[in-house]
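Listed here are the chains, written in short residue letters.
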Amino acid sequence: MWVYAAKRVLYAIPIAIGVSVICFSLVYLAPGDPIQSLIPPDATAEDIETIRRLYGFDKPLVLQYLDWLARALTGDLGISLQSNRPVIDEVTRALGNTLAIAIAAILAAFVLATILGTLAAFNLGRPIDKIATSISTIGVSVPNYWMGIVLVILFAVQWRLLPATGMGGEGSEHFSWLQWDQARYAILPMVTMAMIPLGVVTRSTRSAVADTLSQDYVQLLRAKGLGEMQVVCHALRNALPQMLAVMGLQLGYLIGGSILIETVFNWPGTGLVMSRAILTRDIPLLQGTILVLALSFVAINLIVDLLQTVIDPRIKRA
Amino acid sequence: MSDLATSPDALAGPTPETLPRDGRRSYWAAVRERLSEDRVTLAFMTVILGAVGAALLAPWIAPYDPYATSMLARLKPVGTEGHPLGTDELGRDMLSRLIWGARTSLLMGILPVAIAIVVGGLLGVVAGFMGGAVNMIVMRIMDVFYAFPSVLLAVAISGTLGGGMGSGLLALTLVFIPSLCRIAETAASQIRGHDFVDAARASGAPARSIILTHVVGNVLPPVLIYASSLISVSILLAAGLSFLGLGVSPPTADWGQMLSSLRQGIYVAPLVCALPGIAILIVSLSFNLVSDGLRQAMDIKS
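Going down the list, the protein sequences come from chains W and S. Residues in the first sequence are numbered consecutively from 985, following this note's numbering. Residues in the second sequence are numbered consecutively from 977, following this note's numbering.
Chain S with its partners taken away, still in its complex shape:
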């Protein structure tokens, strides 16, 4: 992710001369065609869709109530009859809890990035398009937030607020806004100098409609490419906050929180205790690889 952050101009959107000549195929159609040939990306997209599907269908596909405890069936190993993935330290079915946990973990992975795209993207577009003092103020404020390592900023905000899902969400969103804002700003300020923007302005178009019709379309590809790589970071950070007791609070099923409460069981059922981490790893790996695939498909210049 850092190599992207240091050279956002490498991500600038399609320029007219690199677009297909025949005029029928749009940029997005070309992206779709490139993606359909990339088997690895498609395979990991399926994994993500599977996880999202499991999360959405949790009440129907989870074999047990994720909150039903059993003092007799505590920390049963993987492969126990009736509990294919074993049980946790309170005797709750691991498979059911992992399925329910996908809800919070995916939500905490995607929602902060989505909010940050809107807020950071808008700030960046306005700063890049207006230039001057507005740009100076917005970008210097972003620099200050950029001066915090992401884990530290997330822990600082949610730790001071006292934890909980809301504060975790706020903390993660604030972590992602600066980098997205920077990329949007770079792309927007490059667009500003193009002739078609001057033409629009000369023909009397107001700033708001120039931004909406010309700037946003060109800023979106680089912002989306970068944002897709942030989802994996967000999932890791969110689970990390829960692991520290700062994210989702028990007994809500959440992969990071499960990892933390299962730590006491590593001597009894080590494999069961490792399961939530494997779930986090699979999902974050999938998002990373899909993000790489998207970048290759959306970067027309390559």
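Next up, chain W with everything else stripped away, as it sits in the complex:
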């Protein structure tokens, strides 16, 4: 197991390097001279020269990349053109807000999907199975940004139960689920985010549990006279590694894809930072946010993979 873990960690390194190369090249993908995208429009000729030297645009590309990577590794992702603050500060502050709703959404989806998927697997073909399957199909087919607008129309405009957008309170540094005057702002974005993982996890739980139920040892358990609840426990335990893998992947998708939902709800997370960066052509901010999000996705996948080998001894990958 340790050999596999070491291999898996080593394998993540070239991937992370590849990801950084793509992020680095984004500046060159932007239309126009790359330096144009790094300076504010009102910069003087002197400023331009300073930045050109600072970023080393006169050097060969490979050296430029290595310089950029070296700075990125020490946490220096450049300066945001709009706010003039270090990109890393903007990203880390926003990341906390995104994580707050993403983790809550994934937990809610996981609990609900486990119940739905298990019920469906125990009642294959019956009405409850059809309901669970419909929910999971709709969950993956619904445009979640539209779902968010519908929830705003219902809960904020029609019934006036929850605030429509924003975060309320003193702003990003103090967000907490435990305080109602803040948590109520996060409910709608969280529910909207939970839609896709609810669909995907219900589907995979259903098939994993149904798989387990068809195996001989479950028949033995039943023949021994175990109650249905105990059979459920056995089936879930075997389905857990697969469900965990799906959940980890979904958490990564939520964090990386939060831009749509955060735009709908004006939620000050990484997605909103990206949205603002695109709108104002703030390429350093965009590049830095994408790098942090993509690297967290790589890290989440790595952690899930390692966790899976720990909890499932059947996976003997040497």
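Derived from the structure by calculation, the hints contain no laboratory data. Hints may contain errors.
The calculated label-pair distances, taken between Cβ atoms and stated as ranges, are [to be verified]:
#	chain 1	residue 1	chain 2	residue 2	range
1	S	R1008	W	S1118	20 to 30 Å
2	S	T1189	W	L1210	53 to 63 Å
3	W	S1118	S	L1018	46 to 56 Å
4	W	I1112	S	V1023	24 to 34 Å
Backbone N, C-alpha and C fix where the C-beta goes; we use that ideal spot for every residue, glycine too.
Using the hints, position chain S against chain W.
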């Protein structure tokens, strides 16, 4: 879609012993027969055909010019006389705009997947068939693109390029290539070890004709099954990009773009503002269900 991506070998094409014995019925005939018995799939295929038909016939069936604005008839509710689905924030007829919007939305759903099938499929077949260093290089590059969540990659590319339909198309295509390439690679490398490929090679057939006659036919079913499930994803992503202002630019009618510009009207005409999303939902749901039906019909082993 993720359960497919993790086990592409489950999708490997028909093996000779599972084909029908009587020899007259081909694989595709069997698929057609299975499909004709699946009512749900057929019903949603009709929905898709209806949407495609509306998109193609837009200039003739749309009751109004989708760009004709009217300051007096802004945000009229659903059921207004002359405007059965109401009007938008500039007084343009919603029904006409939804019909015209089907053009861009369906195009952005299907075209990126189609291009990705060709590019990703070819890369995968070459990598799987050649093996060795070529395989290593191609597949490791794919792994890097795979390391991005799809929304993030699409936004990163089209956002840096500055939006527009072209950059949206490019971004979506790049999002889909890695997974299709992986599936094609798995299928192709399984075929490589079969006796009939060795026989072809021994009888002097060049690599190009072996790939065309033996490999492509066996790689195509799993690639197509997976690709059909991507169309719904592509429609959702494309509309999402437009919603963010990165896809089709106004005033072109596009469902995602309409959803975004109608947001200001949710207090006045909530149902009208929800309509473009309902259109997206119906089409993406239909593609998802048809894809499920196709998978069941094409997967001979089940």
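The hints, checked one at a time:
Restraint check, R1008/S to S1118/W: a C-beta distance of roughly 27 Å satisfies the suggested window 20 to 30 Å. Checked against the hint of 53 to 63 Å, the pair T1189/S and L1210/W passes, with Cβ atoms roughly 55 Å apart. Between S1118/W and L1018/S the beta carbons are some 18 Å apart, a value that contradicts the proposed interval 46 to 56 Å. In this structure the hint that I1112/W and V1023/S lie 24 to 34 Å apart at CB holds, the actual value being about 26 Å.
Checked against the numbered hints given earlier, this structure breaks only hint 3.
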